[in-house]
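K.L.:
Residues per chain, in single letters:
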Amino acid sequence: MATTEEIRSSLAEIVNEVCNVPVEDVQMDKSFVDDLDADSLAMNEIIYAAEDKFGVEIPDEESKNLKTVGDAVAYIENHQG
Amino acid sequence: MSRTVVITGMGATTPLGGDAPSTWQALKVGTSGVQALTHDWAEGLPTKIAAPCAVEPDLPRVEARRMDRVSQLAVTAALEAWGDAGFAVGEDNDVDGERLAVSCGTGIGGLQSLIGNWDVQKERGVRRVSPYAIPLLMANAPASNIGLRIGAMAGLHTPVSACASSNEALAQAADILRLGRADVVVAGGGEAVIHPFTMAGFGQMMALSRRNDEPQRASRPWDVDRDGFVLGEGAAFFVIETLEHAQARGAKIYGTIAGAGLSADSHDMVQPDPSGRGQMLAMRRALAEAEIDASSIKHVNAHATATPQGDITEAKSIRGVLGDGTEAVVTGTKSMTGHLLGGAGAMESLATVMALKDRTVPPTINLENPESDLGIDIAANTARDLPAGDLAAINNSFGFGGPNVALCFTNENVTD
Numbered sequence: 001m002a003t004t005e006e007i008r009s010s011l012a013e014i015v016n017e018v019c020n021v022p023v024e025d026v027q028m029d030k031s032f033v034d035d036l037d038a039d040s041l042a043m044n045e046i047i048y049a050a051e052d053k054f055g056v057e058i059p060d061e062e063s064k065n066l067k068t069v070g071d072a073v074a075y076i077e078n079h080q081g
Numbered sequence: 001m002s003r004t005v006v007i008t009g010m011g012a013t014t015p016l017g018g019d020a021p022s023t024w025q026a027l028k029v030g031t032s033g034v035q036a037l038t039h040d041w042a043e044g045l046p047t048k049i050a051a052p053c054a055v056e057p058d059l060p061r062v063e064a065r066r067m068d069r070v071s072q073l074a075v076t077a078a079l080e081a082w083g084d085a086g087f088a089v090g091e092d093n094d095v096d097g098e099r100l101a102v103s104c105g106t107g108i109g110g111l112q113s114l115i116g117n118w119d120v121q122k123e124r125g126v127r128r129v130s131p132y133a134i135p136l137l138m139a140n141a142p143a144s145n146i147g148l149r150i151g152a153m154a155g156l157h158t159p160v161s162a163c164a165s166s167n168e169a170l171a172q173a174a175d176i177l178r179l180g181r182a183d184v185v186v187a188g189g190g191e192a193v194i195h196p197f198t199m200a201g202f203g204q205m206m207a208l209s210r211r212n213d214e215p216q217r218a219s220r221p222w223d224v225d226r227d228g229f230v231l232g233e234g235a236a237f238f239v240i241e242t243l244e245h246a247q248a249r250g251a252k253i254y255g256t257i258a259g260a261g262l263s264a265d266s267h268d269m270v271q272p273d274p275s276g277r278g279q280m281l282a283m284r285r286a287l288a289e290a291e292i293d294a295s296s297i298k299h300v301n302a303h304a305t306a307t308p309q310g311d312i313t314e315a316k317s318i319r320g321v322l323g324d325g326t327e328a329v330v331t332g333t334k335s336m337t338g339h340l341l342g343g344a345g346a347m348e349s350l351a352t353v354m355a356l357k358d359r360t361v362p363p364t365i366n367l368e369n370p371e372s373d374l375g376i377d378i379a380a381n382t383a384r385d386l387p388a389g390d391l392a393a394i395n396n397s398f399g400f401g402g403p404n405v406a407l408c409f410t411n412e413n414v415t416d
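Order-wise, the sequence lines are chains A and B. Per the UniProt record's numbering, the very first residue in the first sequence carries number 1; after that it's consecutive. Per the UniProt record's numbering, the very first residue in the second sequence carries number 1; after that it's consecutive.
Derived from the structure by calculation, the hints contain no laboratory data. No residue lacks a Cβ here, since even glycine has one placed at the ideal position from N, Cα and C. Just to be clear, a hint being listed does not mean it is correct.
Said to hold, decoys possible - Calculated cross-link-like contacts (lysine-lysine; reagent style DSS-like; alpha-carbon spacing at most 30 Å): (1) K357(B) / K28(B); (2) K30(A) / K53(A); (3) K357(B) / K64(A); (4) K64(A) / K53(A); (5) K53(A) / K122(B); (6) K67(A) / K30(A).
Stated by the list, open to error - Under 10 Å between C-beta atoms, here's a sample of chain B residues computed to sit facing chain A: (7) P60; (8) R61; (9) K122; (10) R127; (11) R128; (12) P135; (13) M138; (14) A248; (15) R249; (16) K252.
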């Protein structure tokens with residue numbers, strides 16, 4: 001089971017890969033769209049990469065509620081197998 | 001032609017070099033860009049040679065991942081041409097965006113992204129298909145990717161006519177300018193399909209050379225031992241504008257597009273019409289539009305893919321239009337670059353324009369035993385000088401399915 005920080009850090013690598021944002025900028029309070037420049041297609045890429053990385057499913061009706069990095073980390077943490 | 005159309009910038013990324021100047025230098029000295037394929041996937045293929053780009057594209061990572069390889073090559077070449085013409089990306093330029101268009105020919109567009117994402121869907125399911133799969137694979141992606149980087153709002157065009165695509169793009173650019181729909185057009189084309197599927201497809205047609213043990217000797221237009229073409233990849237682009245617009249801003253000029261001739265064979269989905277009727281129609285129309293007599297043509301960059309039948313038919317067509325006594329020096333630069341498919345017309349137009357400007361015809365390499373009775377003067381194995389004074393040339397591109405585009409270039413208006 002990954003810790004909160006481990007999840008955030010792995011997610012930061014994914015966001016960096018997709019959006020070229022430095023990993024240290026991907027903090028819990030940051031909004032994907034407003035702070036990290038992720039458009040809707042980039043968000044989908046991030047979601048699918050996170051599914052792969054963490055072995056969780058993030059259905060579309062859930063992913064639209066993940067506005068900040070913290071939202072995504074909390075979801076992943078709660079759904080880890 | 002009522003409005004004179006000139007070339008004010010050039011860019012290219014090809015099997016011979018990562019830009020237009022290095023490509024041209026390599027052409028003049030007879031360099032081959034053909035290599036053995038070292039990928040694992042080449043193992044089971046009858047043809048294990050191709051002509052990949054000499055220099056890998058170097059775009060910012062996030063931009064590159066949203067573009068198929070063909071768009072990456074096209075953007076690289078187009079932005080080089082844009083800068084060469086004196087324009088900058090992201091700044092105010094001496095061109096109104098509403099008077100700027102893009103025309104990019106390609107045979108198939110983002111084939112590798114299409115196949116790659118279909119493979120992902122089969123192996124890992126729907127949710128792993130890239131959200132960008134559609135904009136990656138669509139054939140107009142290269143034109144769009146170029147256009148959005150230079151602010152082109154007058155139109156984005158993607159002519160598709162197989163191996164004639166980028167000659168058609170240049171012809172279309174001239175039309176757009178003459179109709180007054182734009183003042184500047186960034187035009188050219190590209191292709192990036194060195195992939196096991198394409199190698200299999202062309203291989204099953206027996207169209208590709210199988211000279212795997214001697215890659216650099218494999219592409220042999222007009223040689224008796226030719227056995228098909230070598231698949232290449234790359235892109236070449238020009239900035240094309242009206243003479244008035246170019247002179248008003250003091251642009252340098254590489255040459256003039258004097259006329260375009262388009263036709264179709266109406267004969268077969270793959271084979272050219274052996275009578276040469278369609279090819280000759282295209283060449284004659286180019287001369288008529290340019291208002292140039294056949295006797296003024298001093299150079300022809302032939303389509304010359306090194307297929308057994310195609311080379312013979314084209315020689316006959318050239319003689320048929322220019323006359324048996326023509327002084328035109330003919331060359332087949334696919335001997336060096338391989339066949340860039342949708343990018344071939346633009347690649348070879350670059351070679352034609354530079355041949356007139358530098359007065360040097362690049363050689364047809366590997367011409368060790370020419371077919372007898374071709375009746376044309378080929379720049380065999382070494383470059384050939386062109387005379388002083390006014391020069392006019394034709395560049396031929398003939399596509400699968402029969403479309404033919406012949407472009408007539410001159411060295412009129414060239415600035416030093």
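K.L.:
Confirm or reject each hint.
P.N.:
Hint check:
{"no.": "1", "hint": "K357(B) / K28(B)", "verdict": "holds, 13 Å"}
{"no.": "2", "hint": "K30(A) / K53(A)", "verdict": "holds, 20 Å"}
{"no.": "3", "hint": "K357(B) / K64(A)", "verdict": "violated, 59 Å"}
{"no.": "4", "hint": "K64(A) / K53(A)", "verdict": "holds, 19 Å"}
{"no.": "5", "hint": "K53(A) / K122(B)", "verdict": "holds, 20 Å"}
{"no.": "6", "hint": "K67(A) / K30(A)", "verdict": "holds, 8 Å"}
{"no.": "7", "hint": "P60", "verdict": "holds, 7 Å"}
{"no.": "8", "hint": "R61", "verdict": "holds, 6 Å"}
{"no.": "9", "hint": "K122", "verdict": "violated, 16 Å"}
{"no.": "10", "hint": "R127", "verdict": "holds, 6 Å"}
{"no.": "11", "hint": "R128", "verdict": "holds, 6 Å"}
{"no.": "12", "hint": "P135", "verdict": "holds, 8 Å"}
{"no.": "13", "hint": "M138", "verdict": "violated, 14 Å"}
{"no.": "14", "hint": "A248", "verdict": "violated, 39 Å"}
{"no.": "15", "hint": "R249", "verdict": "violated, 35 Å"}
{"no.": "16", "hint": "K252", "verdict": "violated, 36 Å"}
Going down the numbered hints, you'll see the structure goes against 3, 9, 13, 14, 15 and 16, while the others check out.
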